[in-house]
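2 protein chains.
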Amino acid sequence: MSTQPVPGPEVGPSVPGGDGAPARPGVSRRGLLGAGAAGVVGVGAGLVGGRQLGGPGSAVAEPAPVAGGYPFHGAHQAGIVTPAQDRLHFAAFDMVSAEREDLVSLLQDWTAAAARMTQGRDAGPFGATSGPYDAPPDDTGEALGLPPSGLTITFGFGPSLFRLAGKDRFGLAARQPAGLRRLPHFPGDNLDAERSDGDLCVQACADDPQVAVHAVRNLARIAMGRASLRWSQLGFGRTSSTSTAQATPRNLFGFKDGTMNLKAEEPGLLDDHVWVRPEGAADQWLAGGSYLVARRINMTIETWDRQPLREQERVIGRTKATGAPLSGGEEFSQPDFTLKGRGDEPLVATDAHVRLVHPDQNRGVQMLRRGYNFVDGSNGLGRMDAGLFFIAYVRDPRTHYIPVQMKIARGDGMSEYLQHTGSGLWAVPPGVQPGGYVGQSLFTG
Amino acid sequence: MSTQPVPGPEVGPSVPGGDGAPARPGVSRRGLLGAGAAGVVGVGAGLVGGRQLGGPGSAVAEPAPVAGGYPFHGAHQAGIVTPAQDRLHFAAFDMVSAEREDLVSLLQDWTAAAARMTQGRDAGPFGATSGPYDAPPDDTGEALGLPPSGLTITFGFGPSLFRLAGKDRFGLAARQPAGLRRLPHFPGDNLDAERSDGDLCVQACADDPQVAVHAVRNLARIAMGRASLRWSQLGFGRTSSTSTAQATPRNLFGFKDGTMNLKAEEPGLLDDHVWVRPEGAADQWLAGGSYLVARRINMTIETWDRQPLREQERVIGRTKATGAPLSGGEEFSQPDFTLKGRGDEPLVATDAHVRLVHPDQNRGVQMLRRGYNFVDGSNGLGRMDAGLFFIAYVRDPRTHYIPVQMKIARGDGMSEYLQHTGSGLWAVPPGVQPGGYVGQSLFTG
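Quick mapping for you: the protein sequence lines, in order, are chains H and W. For the first sequence, the UniProt record's numbering begins at 1 and goes up steadily by one. For the second sequence, the UniProt record's numbering begins at 1 and goes up steadily by one.
Please keep in mind that the hints were generated in silico from the structure rather than gathered at the bench. Treat the hints with caution; some may be incorrect.
Facing chain H, a subset of chain W residues (Cβ under 8 Å, in silico) [to be verified]:
#1 Ala128
#2 Ala135
#3 Pro136
#4 Pro137
#5 Leu172
#6 Gly225
#7 Ser228
#8 Trp231
#9 Ile301
#10 Arg306
#11 Arg310
#12 Asn373
#13 Ser378
#14 Gly382
Glycine included, C-beta positions come from ideal geometry on N, C-alpha and C.
Work out the full structure, taking the sequences as your base and the hints as a guide.
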């Protein structure tokens, strides 16, 4: 699929089907785009002419950005400090092939498809409706006519890719970073293996869920025979802003979430807390990358909703209305953990969430959170299967996630209303350069 | 909750908490709205002054429409011919109380909350952050600051509300319409009881999933002790346009879906096919109402995606690119079922979906479809749990749905790629008048 030349004009005149059927015009996704047409035509002009497109290792110039699209190539992968989009489709994959070359070719093919789809184009060069009539289309078609919708696709490598049950599956064991180990058991964890871990992960974020779903579906299709979908999760209503241009959204507790989050506009803090600092030969390939922690956190919202406003605010340590710390001020005021009120009790309770996670209480560490709300129907007891699909990007999970989560699991008043049902940790390789593929530094140099 | 007076200005000056805590400003959802502020202030002005709001049977003037909000009151319920919004949260409830008065009070309370929420307001008069500090808030808060987002809430009554295992539970058996019977078993059905049926249904549609989820969650909360959530389903990317102003969207087969759908701009056809024509005493209360058929239809998209474009188009009977019938023309051309091609085979195959569902092949019947795509993660075999949550509004399921679905289940080439996993039928009462409540005609007159 990926080594075939691009057919001439993708929006061409009607051509006879040649089998008695009427003319069947070929229409590609970009041909259907309206607003982005100008930029898109430029892209097309650079691609026609028999050049190979997006094949393994082929040198393809980065397409000009299209309206509503984020560049795919760069020093870091998109989807980390990109302003959080509204919708998420997160997927974990397991390798079904044991061959290293299949892993490499998969990453190459995923790279080519991701570079296309993030620009609002079909997953493959023929697209959903062109190409040989007697072959399956190389795009599934449900995003035809939809703009890029801010789609970003971010890839990660799980611990099991490097070593599984002691076995070096792909000759990568010597390059397993010391920080990339399965997360420890935290008190109260009730993890479902079918919602946890995975050799590879894909985070697709977009402002249109159909675009995010389309991306994961086409990557799963491309993986066939090499990797298989292990689990996936949809999310909506981002729970953390990652840019100062975004207002702080609310989680399903009804509280603002992410007031203290790291922001794209703070490069110094991102260097300190998000981008990996390699320690040696094993993780040199991860320079410019990060670690992605995912936790599926169910909220017992029916119980929460029966709590008095006073109790809800005490648990969080902030007001529900504005998000101001209970020690006073407005949303972005720093909490004062020393202030006391009636009965000499601290205004911000000792087990309040805002206190336990504050950098001052955690040796200065911060995370870049990028979580989403989820509702996956309801269980047989009439309760919604709902909560927060927590995603955080950190420099090192050993310093930036595990100690904080251990503290929350042991002492946070909020834990009473939470149950962690899924978990995963992945190393997120650096960004892709034109002509390269995602994770290339792991396999070369 | 619903009989308490509205507190004075809902966005007031900071007031001391009175317990050593700092000032705790009360903020209601409407106070946080930006664009709709002008209309919203008008609404507020009409409500303050100690008037009771939205209590059972209370006479409340309909609030002025707000930006992004559809009127709640009218001859028909909103959410049927309303231009289909982008997101769905559908929920089915079972009564846990056996008392008729609990059913009536539930419908009254739901009416009051729905009238508020569809205008971008909190579910209850105090809202998420005002009201007594030692009581649970009467709104859960996650929609604070969000506009109405086109929210509509549509209610329906299932067969089991009238008669369950032969028992007349609420004194309504004599008013069970003849058309309101559990749907028959169709060939190939593989229904999950936990995704089917229910005494009551709620269809919440909005352009923001957080607003639709908020609506269902707050209605479930209000129902506590009277009715309990039986199941719920999220959907996205409407699969059928219901207005000529909307482009035809695509389903997860990648094809345009709903080209032939009934449209809001066709009142004559809506009268013929959507609005109930009462037959007698049993269904007189349903005048101005409709029937809602819901079917959770899983698509085996991995299998579909391996089919040649030719086969996909043969099964549907339309081109994937433009949606034109295979007999020629463009999307909105009428298919010609008599035209033949090579080998004297009809261009539109005898088992093509477009042929089987066409009104000309079904004694002229049409449906108003209002379905949504869904993806609920994946199963243990690496396949997405994905498909179409089919919703149709019809005048009478005996003439307008059951025969068509029986034909599809028996003879449609598409059925090979489908599995029906959920099902439900509800009678949808007429619209609510100011001061009334949803379904009132069922209990009075």
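Handout entry: Hints the structure fails to honour
Key = Of the numbered hints given earlier, those the structure breaks are 5, 6, listed in rising order.
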